[in-house]
Amino acid sequence: DAKTTQPNSMESNEEEPVHLPCNHSTISGTDYIHWYRQLPSQGPEYVIHGLTSNVNNRMASLAIAEDRKSSTLILHRATLRDAAVYYCILMSSGGSNYKLTFGKGTLLTVNP
Amino acid sequence: GAVVSQHPSRVICKSGTSVKIECRSLDFQATTMFWYRQFPKQSLMLMATSNEGSKATYEQGVEKDKFLINHASLTLSTLTVTSAHPEDSSFYICSARGQHPEKLFFGSGTQLSVL
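Protein chains in written order, with this note's numbering: chain A, 1 to 112; chain B, 113 to 227.
Keep in mind the hints are simulated off the structure, nothing from the lab.
Heads up, a few of these hints could be off.
List of simulated lysine-lysine pairs, BS3-like, C-alpha gap at most 25 Å [claimed, not checked]: (1) B:LYS126 to B:LYS178; (2) A:LYS3 to B:LYS153; (3) A:LYS69 to B:LYS126; (4) B:LYS167 to B:LYS215; (5) B:LYS215 to A:LYS104; (6) B:LYS167 to B:LYS153; (7) B:LYS126 to A:LYS3; (8) B:LYS126 to A:LYS104; (9) B:LYS126 to B:LYS167; (10) B:LYS153 to B:LYS178; (11) B:LYS215 to B:LYS178; (12) A:LYS104 to A:LYS69; (13) B:LYS178 to B:LYS132.
Stretch-level coverage of chain B by chain A, calculated; a stretch enters the list once three of its residues show a Cβ under 8 Å from a Cβ in chain A [claimed, not checked]: (14) 155 to 169; (15) 190 to 198.
Where a beta carbon is used, it is the ideal one built from N, C-alpha and C, also for glycine.
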């Protein structure tokens, strides 16, 4: 599986934007870029995903580099409830086995 | 959004007993379900993939006779930890793939403590 690289941790202040980077230099043409987050003692929660174009939803925005070797998850206004571990994961669209392989993720701390 | 219910949320058992964890997709049919385990301050590790009506596919290093997975219906998968030992204590999480195959929905997890 193609791997991703994320910073171990990041810090932000409440109501400020947060940019969470992810490097995936070995991404293949059929790999989707997924972001999930996990709050303490809970299962992961889907945030957003994309293939080539930037994506926006009610939770976040995903900016994908033109060469697709990196991406950035953007939280436009961080809240205390956004404090979580954020995982950037590549998922191949080939075949029926859409399994997710989690890396270590980025622990986001949001300061009040 | 789609909901995956996992039960129980927490279980404490004696060494040598078996524990069953249920994972249900409440408002969609899940053709595929995944089971993960997570140790404190570590990432999720995929244990197995189960497709409805067929045998589960286990990841390398995961004992299939120890972690029994059943996916008898499109809305229910179970993980049974047989003859549990203290080293099996962990956070177990299920996930399900529904109508949108590229998106997975996760249960809230089960904290297993084996004494």
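Each hint tested on the structure:
Proposed proximity of B:LYS126 and B:LYS178 is supported: the alpha carbons are some 16 Å apart, at most 25 Å. Between A:LYS3 and B:LYS153 the CA atoms are separated by roughly 20 Å; this keeps the pair inside 25 Å, and the hint holds. Distance restraint check for A:LYS69 and B:LYS126: the Cα-Cα separation of roughly 48 Å exceeds the 25 Å cut-off, and the hinted pair is therefore not satisfied. For a cut-off of 25 Å, the pair hint linking B:LYS167 to B:LYS215 stands: about 22 Å separates their Cα positions.
For the suggested pair B:LYS215 and A:LYS104, the alpha carbons sit about 20 Å apart, so the restraint of at most 25 Å is met. About 31 Å separates the Cα atoms of B:LYS167 and B:LYS153, which puts this hinted pair outside 25 Å; it is violated. A hinted pair counts as satisfied when its Cα atoms are at most 25 Å apart, and B:LYS126 with A:LYS3 does not qualify at roughly 38 Å. About 31 Å separates the Cα atoms of B:LYS126 and A:LYS104, which puts this hinted pair outside 25 Å; it is violated.
Restraint check: the Cα-Cα separation between B:LYS126 and B:LYS167 comes to about 28 Å, which exceeds 25 Å; the hinted pair is violated. Restraint check: the Cα-Cα separation between B:LYS153 and B:LYS178 comes to about 24 Å, which is no more than 25 Å; the hinted pair holds. At most 25 Å may separate the alpha-carbon atoms for a hinted pair to count; B:LYS215 and B:LYS178 exceed this at roughly 29 Å. About 18 Å separates the Cα atoms of A:LYS104 and A:LYS69, which keeps this hinted pair within 25 Å; it holds.
At most 25 Å may separate the alpha-carbon atoms for a hinted pair to count; B:LYS178 and B:LYS132 meet this at roughly 12 Å. For the region 155 to 169 of chain B, the stated coverage by chain A is satisfied: 5 residues place a CB nearer than 8 Å to a CB of that chain, which reaches the threshold of 3. For the region 190 to 198 of chain B, the assignment as covered by chain A is violated, since 0 residues bring a beta-carbon within under 8 Å of that chain's beta-carbons and 3 are needed.
The earlier numbered hints that this structure contradicts are 3, 6, 7, 8, 9, 11 and 15.
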